[in-house]
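K.L.:
Spelled out from the first residue to the last, the chains are:
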Amino acid sequence: MSDFLDLLGLGPLALRAIIMAVVCSVACALLGCYLVLRRMSLIGDAISHAVLPGIVLGYLLSGQVGGLPVIAGAMALGFLTAYLTEALRSSGKVAEDSSMGIVFTSLFAVGVLMVTRAGNVDLDPSCVLYGNLLHAALQTVPMIGLQVPVALKGMLIALAATLLFVALFWKELKVTSFDPALATSMGINAALVNYLLMSMVGGVTVAAFEAVGSILVIAMLIVPAACAQLLTDRLGVMLLLASMVAALSAVLGYLSAEWLNTTPAGMMAVWAGLLFLAAVLFAPRHGVLSRIVRNARLGIRIAGEDVIATLYRVEEAKGRGERPDTALPIAEARRATHGLAGWLAVPSLWRHGQVRFVGRGRIELTEEGRRRAEALVRAHRLWEAYLGENLSLPADHLHEPAERMEHFLDPRLMDEIAAQLRQRETDPHGRRIP
Amino acid sequence: MEPLLDIHDVTVAYHRRPVLWDVDLTLTEPRLIGIVGPNGAGKSTLLKAILGLVPLASGEVRLFGRPVAEQRRRIGYVPQRESVDWDFPVNVLDVVLMGTYGRLGWFRRPGRKERARARECLGKVGIGELAQRQIGQLSGGQQQRTFLARALAQQADVYFMDEPMAGVDAATERAIFTLLHELRDQGKAVLVVHHDLRTVPQYFDHVILLNMRLVASGPTTEVFTPDNLRKTYGGRLSVLDSAGEALRAASGD
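These protein sequence lines are chains A and B, in that order. Under our numbering, read the first sequence as residues 1 to 434, first letter to last. Under our numbering, read the second sequence as residues 1001 to 1253, first letter to last.
Honestly, the hints are just simulated from the structure, not real lab data. Incorrect hints may have been included.
Straight-line C-alpha distance at most 20 Å; calculated EDC-like pairs for lysine to aspartate or glutamate [stated by the list, open to error]:
#1 B:Lys1231 x B:Asp1196
#2 B:Lys1188 x B:Asp1169
#3 B:Lys1231 x B:Asp1022
#4 B:Lys1113 x A:Glu172
#5 A:Lys93 x B:Glu1245
#6 B:Lys1113 x B:Glu1129
Some chain A residues near chain B, calculated using beta-carbon distances under 8 Å [to be verified]:
#7 Trp170
#8 Ala181
#9 Leu235
Owing to the predicted nature of the structure, the values given are computational and were not obtained by experimental measurement. Virtual Cβ for every residue (Gly too), placed ideally from N, Cα, C.
The task is simple: from the sequences and hints, build the whole structure.
P.N.:
Right, here's the structure in full:
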């Protein structure tokens, strides 16, 4: 371990700082998942400011800047913020966002007043706002033979409490996040669960202050959770992924801050943002890249279907009985398509055995291609007939919509349309429905 | 005999302005009951008031002779489909399992027995094969069936359903009604907020006609008359509107 650290040019101080950053980011990320899912991301920001009076109160009562009394004070203020916001909103006088804005700025102002009036409070405002990992890593106490940062104790308690909270209230948190009305009708008090969650957010944000400060803590609450949401469809996996993203941005953030000689908190937020960006681009189902690939595949499929439908119509026009020449030059077979998808469509059809080359750049349908083309033409003419009968559109308005829909009608829907059309044999243009 | 549901002089107000005035009605027998009225008549609000989801400005609701808060396990609820986020990271089985949470109580997790019941309920609504599907990939009809399966998993005696037929395909609507009739035949009461007047006589034994106040409640054959419908849909009572406005103004809001 120490060899590895030496290799990176990091000492035990850096190790302590990284451990602290990871512990509090993970705690933030776990609770952040519920904030994101409840569409309450900004209440995290509100609470991280509104807890200030709680911190001062905890300090005045205990004489310590960190530790349990301060965290307890912050939890109480977290609860109070959520409660006052809800009370103000349900009074019907202000909207929810305004009530949040009013409550958290007022509480923050009270906190600032308390700091200045108390006079001898040893709270460094810049430390509260931006955090100071190295400073926290320097102040250590011996514990089980190791030099452990004082602040780490509070952070570990916050993480343990968060894990316990999520495990104990797993189903309550899930159902009240998804459907609070159902939860309440079943006797699970959604409001109570919400207040508990907000108290936890208050406690955890304060524990994280020394690492990332009160401004960037919102990034640790929201960004890993939002990132995880893009990557999975299961709640449990989302919590796990959010924790991993948080831990990774903590480690990378600290190391790159060392390297660039800048603030670790800022770099942690930057890394969380970069990981989020990566998730936006590369997420398997919700990502930009996979959507582009999916759309491209769909485009090639549609172009291919247009090609075989063209070939089928030529066969239909010339008749197939005495083996007439039904092959077409590629360019002509592709006339209903355009762009890159059209170019790619023919090789794709050939690979799937739906067309064959017959020399001089000409293609014709294979047996398999003919079957598929027949289904397409059937879809096209069924849709024309259906629109003609039910939307009373004139005959020259039917082709375009059918050209679009033919690619999306599945056999079951086609049968249903056919049944509704009562065995009709031709489309509105008088052509046979295959 | 204790009435099944006793709504006694219930008034519901949002910010002091009543949206439901002095609703007073008693249901004695388990029936399939349609709640019908124009938009803004307070149909959903009536369900929410019964379930304790919105505070009552006055009056009380009793279920099987006791306050609703003591009877939660006998209630099944199907909220409006649009009331939840269908991108929430859960699958169909997870949602149906939520129906079992009420009986489990705090801290206990659903186990094998609850899973078996949830799968059985999914089978009853005809989407057993979708158990592992992420809910965002469901069609409107499948979403509604999921909600119904969840209500079935609540194993209730009285069901409250808010527009279960809104925006579903014809096949789903038929399936839902077959299911509701089965529940009624098993001796359950089912209250359904319904928007399609044409199907009311065919679907419901009993109707509640509502427009900010109770217009009529009784067997469909007696109550679902042109005269009552005219009263229900013939515009709001302007006196109630003015009275509500007066209350709001007097309270200084």
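K.L.:
Which earlier hints turn out false for this structure, listed by number in ascending order?
P.N.:
Number 2 - this is the single hint that the structure violates.
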